[in-house]
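Protein chains in written order, with our numbering: chain A, 1 to 478; chain B, 1 to 423.
Certain hints may be false.
[Said to hold, decoys possible] Straight line, CA to CA, 30 Å or less: simulated DSSO-like cross-link-like pairs of lysine-lysine:
#1 A:K376 <-> A:K273
#2 B:K236 <-> B:K301
#3 A:K23 <-> A:K40
#4 A:K273 <-> B:K301
#5 A:K376 <-> B:K236
If you're looking for bench data, these hints aren't it; they were derived computationally from the structure.
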Amino acid sequence: MFGLVLICLAVFSAATYGLARRKVLQAAHGSGTRPHSRPKYHGAHAALWAAIPALLVLVGLAVAAPRIITAVTWADLPAAAPSVEPFRSQFQYDAEAIAAGSIPSAVAYSADQRAALAAHADRISALSGMLRLGGLVAVGLAALMGGLYAWSRARPDYRARNAVERWVGGLLFATSAIAVLTTLGIVLSLVWESLRFFQTVSPLEFLTGTHWSPQIAIRADQVGSSGGFGAVPLFVGTFLIMGIAMLTAAPIGLMAAIYLAEYASAFQRAWIKPLLEVLAGIPTVVYGFFAALTVGPAFRAGFNRLGEYLLGGPLNDLGLYLMGVQNQMALVAGVVMGIMLIPFVSSLSDDIINAVPQSLRDGSYAMGATQSETIKRVVLPAALPGVAGAMLLAASRAIGETMIVTMAAGLQARITANPLDSVTTVTVQIVTLLTGDQEFDSPKTLSAFGLGLTLFVVTLILNIVALRIVQHYREQYD
Amino acid sequence: MTDRPDIRAAVERRLKRRHAAERRFRLYGVLAITVAVAFLALLLGRIIEQGHSAFVTHSITLDVPVDAARVDPAYPQGANYDQMAAEALLVRLGVDANTADNGRAVRDLLSPDMGFQILAQVRADPSLIGRTVTIEAPVGDSADLYFKGEISRDTPEEQRVLTDQQIGWLDQLERQGLVEAHFNTGLFTRSDSTQPEMAGLLGAVVGSALMLMVTALLSIPVGVLAAVYLEEFAPKNRLTEIIEVNINNLAAVPSIVYGLLGLAVFIGWMGLPRSSPLVGGIVLSLMAMPTVIIATRAALKAVPQSIRDAALALGASRTQTVFAHVLPLAMPGVMTGSIISMAHALGETAPLLMIGMVSFVPGVPEGILSASSALPTQIFIWENAAEAAFHERTAAAILVLLVFMVVMNAVAIVLRRRLERRW
């Protein structure tokens, strides 16, 4: 239906293009004047007027129609409909499903309820039929009026090109505004859902509580159901893994960048850079698989063997602990995430080091410094703000990274600084809370949006600060 | 200038130390790169090592008598064909005692696919009831692992999924020539299944393709036009600045947040179907858009100002200049940037988990509105599966995903090499 209307609209719009173009050509021929714009602009102008207003009406109706139907029919449900929620809503859903020609839910209704359901479904389909007809007429009218308006303008002296270019300008602006709309959508959806969550759990408790067990808070009437929503263990786990990742990525990435920028020959660069790019292009789910099935078992075997070796010695207790280390630990997720971040750190740092003016290096060499002394005492201090910005960006990616931690870190929410423990992170909990089937409105599900909002705010602050620093640094040497 | 040997010796000592420090520093750099490259090699090597075996599978050919007493021609799906196949196999193995234990033990070696195939044949041709059909079907997942040498006889019996008796049977079948190894076409022609030997990637590949199509159709035109606006038309004012800062920050928003957006707005508010390639594609296109915009802006910046000046001097309007000259010249850069960002979107997993693309979808998705999985989420689902046979399939799925990404990136590189212009 929707598609058919679209095709009709496209055909109508194409027809107005041809008609307007011919009209202008003939008028110009008849009067012997030269039209202001080329004929194709007159055609395009007419086609735009025929299509765009009708399209807006169509999309608006398609979005609004189901809501109108629900609102109108929900207001007068038949008396036989169940009076208690959620059965009342289910009755409405089922009636809508029947009206749409699909299969209703398996709820068992009594005989008079079944009759009422059928009647209600009939009313809904009657209403939607009316709306559909009205919508068709409205779309047709919009197309016709738009086309007529443009038709009346299709004269040789009309500045069609300028009009079309105004349309194009508007379209271009609209596309770049989508970026802002996306941000707005993110912020609004996160804030909206979080507000609903914070009605049951106070934000203070969420941000400072140390007990995280959302699984028990399933029933809304449960006493102390809010006790399970203290997110501090998640923050601790997130920062622990981020710390390990940065301890891996920062030295390796920075040294790789220094080598590439200062020492490597053009040939070496031509080989090493693409290899690092490959490392950067590998999807995170692959890193997660590798962490869970290769690095995790390998680390565990290594620690277990070390524990065996220590048994009976002065470090017997440590040995016993190491023997019991499991596959899922913060260290595995952190190290693999660090490896994933190496190309990110190195390519950013590489750019920044390259931006340090050659004159600084030349000055240092002229004083007799070796290359490494120049790098350590001149280049790096000059590049420090930029490198710091790059590290902040990497840290923000580490905080927001999901797949590696989901597959390799574990689910135990605990406050620990021990890298051999299994910890859980904000992103892991979002995934756990939102995968699988559960109702949309429980505090358990909504808490994921609270976590998402926290994650968004923290990474946004890190990004803004980092981008400021990098920008400022670039301007310094431009 | 001076010839004092003590100073000279001190300087030389220090110089030696400084040069040693120099060499050490350089070595750190080499080490860092070696670590990164070695890790890449280890990662790829391990995945190939784990995944290559999934491209081969073993199948068994068996003559199964369709017992007329047990099949109702009016209701053929009611019969237990797995049991018939198991009995036929016991006969082949020369085991007389058809006990329940034997039946279960031998059924574990066969795939339910055998029963499905018999049912399909009987349905197509009811005259087969009472006759014998010849069926070639995959062996069960544990049997397949045994033939590949991944389950060893040397493991104590209680620690492996196959008993000594079952292993004896499998050896006997192999000697009788009933079992055959061949390329695992099922991996590419079947969709997800709870049985590893019947699970394939077709549904996930089609889902990913549909999703990527939606992403490309949305993010490339919108991203390119937005970049054109920002680079060529936007006035230098507050609003433009906000948009630019916005785009830079969007590129760094964690991908899972986009998933939350998709869940709340497209599924919760707009009511689009869960798990559908449409929602996945929209979410991925929002993620890919900043990258497309940034790549396009770089390509537009590289077009020299003289081109614009020349067009404007000949009387073209700004719109005509941009769309007839600047954008076509920037097209190679736009295309490479777009393809690379599409390859990136192909591997994105976290937002798809949020919009329900981790549910079990046994068939091939019919359109952009039907439930579907995608390659990266299929990897995630299989990685979580308990059966050992899914591990090799997970690695194989990763290899397939990586091949797709390599191909896309290679196309981008070739395009860049072919079409790139230096001004």
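Status of the hints after comparison with the structure:
The straight-line distance between the Cα atoms of A:K376 and A:K273 is roughly 23 Å, inside the 30 Å bound, and the hint therefore holds. Only pairs whose Cα atoms come within 30 Å are accepted, and B:K236 paired with B:K301 is accepted, the gap being roughly 16 Å. Note on A:K23 and A:K40: the hinted pairing holds, with a Cα-Cα distance of about 11 Å set against a maximum of 30 Å. Note on A:K273 and B:K301: the hinted pairing holds, with a Cα-Cα distance of about 24 Å set against a maximum of 30 Å.
With a CA separation close to 40 Å, the supplied pair A:K376 and B:K236 exceeds the 30 Å bound.
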